[in-house]
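Protein chains: 2
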Amino acid sequence: MVERLITKNPTKLLMVVLDGVGGLPVKDGKTELELARTPNLDALAKRSALGLHVPVDYGITPGSGPGHLGIFGYDPVRYEIGRGILEALGLGLEVRETDIAIRGNYASVERVNGKIVVKDRRAGRIPTEENRRITEKLSEAIKEIDGVRVFLAPGMEHRVAILLRFPEPLPEGSDHITDTDPQKEGLQPLIPTGKNESSERVARVLRKFTSMVEDVLKDEPKANYLLLRGFSQKPKIESFEERFGLKACAIAVYPMYRGLASLVGMNIIEFEGSSIGDQILALKDVWQEYDFFFMHVKKTDSYGEDGNYEGKVKVIEEFDRLLPKVLELKPDVLVMTGDHSTPSILKGHSWHPVPVLLYSPFVLGGTSERFTERECLKGELGIFPAKKLINLMLAHSLRLAKYGA
Amino acid sequence: MVERLITKNPTKLLMVVLDGVGGLPVKDGKTELELARTPNLDALAKRSALGLHVPVDYGITPGSGPGHLGIFGYDPVRYEIGRGILEALGLGLEVRETDIAIRGNYASVERVNGKIVVKDRRAGRIPTEENRRITEKLSEAIKEIDGVRVFLAPGMEHRVAILLRFPEPLPEGSDHITDTDPQKEGLQPLIPTGKNESSERVARVLRKFTSMVEDVLKDEPKANYLLLRGFSQKPKIESFEERFGLKACAIAVYPMYRGLASLVGMNIIEFEGSSIGDQILALKDVWQEYDFFFMHVKKTDSYGEDGNYEGKVKVIEEFDRLLPKVLELKPDVLVMTGDHSTPSILKGHSWHPVPVLLYSPFVLGGTSERFTERECLKGELGIFPAKKLINLMLAHSLRLAKYGA
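Protein sequences appear in the order of chains Z and E. So in the working numbering, spot 18 of the first sequence is number 4, and the numbers just go up one at a time. So in the working numbering, spot 393 of the second sequence is number 379, and the numbers just go up one at a time.
No lab work stands behind these hints, which were simulated from the structure alone. Be aware that a few hints might be false.
One copy or any two copies: either way a pair holds, since identical chains are not told apart in the list.
To be verified - Capping the alpha-carbon separation at 30 angstroms, the derived lysine-lysine pairs in DSSO-like fashion look like this:
(1) Lys270 / Lys(-6)
(2) Lys16 / Lys364
(3) Lys(-6) / Lys333
(4) Lys233 / Lys333
(5) Lys13 / Lys364
(6) Lys388 / Lys300
(7) Lys388 / Lys181
(8) Lys16 / Lys222
(9) Lys13 / Lys316
(10) Lys13 / Lys32
(11) Lys388 / Lys364
(12) Lys170 / Lys123
(13) Lys32 / Lys300
(14) Lys316 / Lys333
(15) Lys(-2) / Lys333
Please build the complete structure, drawing on both the sequences and the hints.
The following block contains the structure:
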C-alpha cells in the first residue's frame, strides 16, 4: 500500500546498523548498551523517537539475511534467501539472476567395492590455507561446463561457495535440486537430481561438475571430494529504489552485508580502510549522490558471538565518540538499530526485540534518557515489526502522501 | 471473529472524537494536549485505561475517511471510500447504493477549429458565490437523464459534487470510468468511458450530462465547462449495528463526518446550534434511544491544519470544561481519541499514533497523570491498531462472550 503513496523530495535518510546491538544483562544487571559510556548517544536519545523492532516474529531468532531484509522493508518470511546465496555473498561472489549458488563442503571419501563412500563429511576440517590451495586448483581446472561458467570461493576450513552462471536468467524453481550430502558417514554421496525440467537441466551440469571435481581431487590426501547442498537462486525482489523511491547505497566492510544490500539493488560504495571512522568518511564522500544510506557496523555482533561483552561495549563507545561526525552531515532522518540482538551471554543471535532510535524534526521525544533496551521500551515507537521501519523513515522525511481523502 | 462473540446488554458506549487531537511539541517542548489546562481530563485520565492507536499502519497519514473507518472498527485498507463519495458527503449529499458520486471542477474552455480545448482547469478559481449561482442554474436545468436523477452541490471556489441516482442498486465496478479532466491546459477534455458493461451504462449518462452542461453554461464568461473525476460508489460495508450489535447514532456538525457515520449506518441526530455544548445537549436528548454514540468535535483539527496551536489548545480546554456534563450521563464505556493526529507544526494530518482514553469500571488505571501523547505511552492499552478500538469498547461493556471453552 505504501508504494502508491511515495513522493520524492531532497531529504537524506541514514540507517546505521550496529549488527547484533541488542543484549541482555551481563554485568551488574546491565546490558552491553547500558554498560557503555555514550554521552553523545544519550543526548540524541533524549530528543529522538525510541522503540524496539521485532525482526521476524515474536520468539524468532533471525539469521543475517532475514534480519537485514526486515529493516530494509521487506517481509523476511515472504522473501527467503537460500543458504547457497548467502554463502556466496558472504565470500564476496556477486550473484545474478542467471546463477545457481551452492554451499560446498570438502569431504574425504574412499572406494569400497568400487563404490564411493563418505569417510569424513568435513575432510577432517582441513585448515583454511589448504582449502584455498585446493579451491584455486579446482578454479583453474573447471572454468566452464557446457556453456555454464563456474566460480568458486574458499570459505573457512572445509567450506566453499560455488556459483554456476548460465547464459540466460533461470526460471523460478531451477534450484529445486536434491543435496548430495548423505548427512552420515559410511554412506554413498547422493546424485543431484532436479525436481522439474529447469532444475534437472542444472542437475545435469552438477553431475558433470561432481565427476570433474572427483577427477581433479583424486590424489588429495584428505579433501578428495566435494559435497553439495543449499542450491539456491537469487530471490525475486523488487529493488529498494523501485519500491521506496530512494536511491540507496551501502557502506559496509564485510562481504555478506554488501551482498545483502546489493540483493535489493543498493549501490555498494568502495572505500579505503575498514574502521567506523573510515566508513563515516566514505559516507561524507557520497552524501550528495544518494537519498538513502545504509551503514553497517559489524563488530558489535562479532564480540557478542564470542561472548566478549567488554569488546561489544567498546565498539558501542567507539561509535558514540564518532557520532558527532555523523550528525555533522545533518541527515533529515537518522535511524540507529541492529538487524537482531546478539546478547553476549547467549554467544549468538537471539529473538529479543532490537532497540531503535529515530531522529527527525517530527518526533515527540523526551520519553527516554538513553539508547538502551529498557529506555527504548518507554519510547513513542513502541514494539513494532522490523519491516515497518522504512515506512516510519519515509513518513518522517515527509515522503509519503496522505492515504485516502 | 468478534462478530460471533457479540452479546447484548443495556450498556451505553460513548466515543468522543476530537478530530486531529494528537500533536507534536510546538512550544516549550510541549504538545497542544500538554499545553492545555485540563483539570477534568487529568482527573479522568488517572482512573482510565490509556494508550495510542495507529490509524492505518505505521508511517501512514490517513485522510478523514480511513481515519474514521478505523476507529469505527473497519479495516481502512479493505474498505476504500472514493474521492467522489467523500466530496458528496462533505457537501451534505446523501449517498445510496443506487448512486454514482463525482467530483467536478468548473473549467474554462474555448473552441479551436471546432474542437473544445481546456483553457483553465479551475475556471480561474471562481468565487464560491459564483459557483453557487452556476450550480443552482445547472440543478434547475438538469434534473434527470434517461430515468437517472441528477443532484449537484456547490463546494468552495470551482469545486462541485455531482450525484447520479439510478433507479436500482448498481453492481460493484460501476464506477470504473475514465476521468474527463485531461490534467493539462491546452488539451481536449476526455470522453468518459466505462471499463465494463455496468460502468459503460453510467458513462453513457455522463456523456449526455456533459453535453447538457456545455449547453447550459455556454454563455458563462469563465465557468463554461465541467470536468469530472473521482467517480465512485458507496462502498459495500456491513452496518455498524449488524457488525457490532450496537444501535448507533452520530452527533456531528460537519457534513463529511455525518456522511462517514451514515456510511456505516449510524443515525444522524439533528440538533440546534453547533457548539460542543449544543452537541452535549443533543447527546442527552437521545441518550435513552441508542447503545453507541459517536460525537465528533471538528475544531481541534481545523486549528491544527492552520498551524494555530493556541486555537487547538483552546478547543481542548473548552472540551475539558464541558467534560463533567458528559460524565453526568454516566456512560458505561467512554472513549476519547482522534481519527488521526494533526500537529500544528505540520499544518496537516500526520502518521503519529493518536492518544486514546478509555474509561470503564474494568480498567487497571493509575498508570498516567494526564491525557497527553507522552502520558498515554505509559498506559495499559499500549500502541494498537485503530480498528481494534471497538473490540476494546465492546469488551469493557461486557458485550463480548468468551472465545472458546
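Among all the numbered hints in the text so far, which are the ones the structure does not match?
Violated hint: only 8; rest satisfied.
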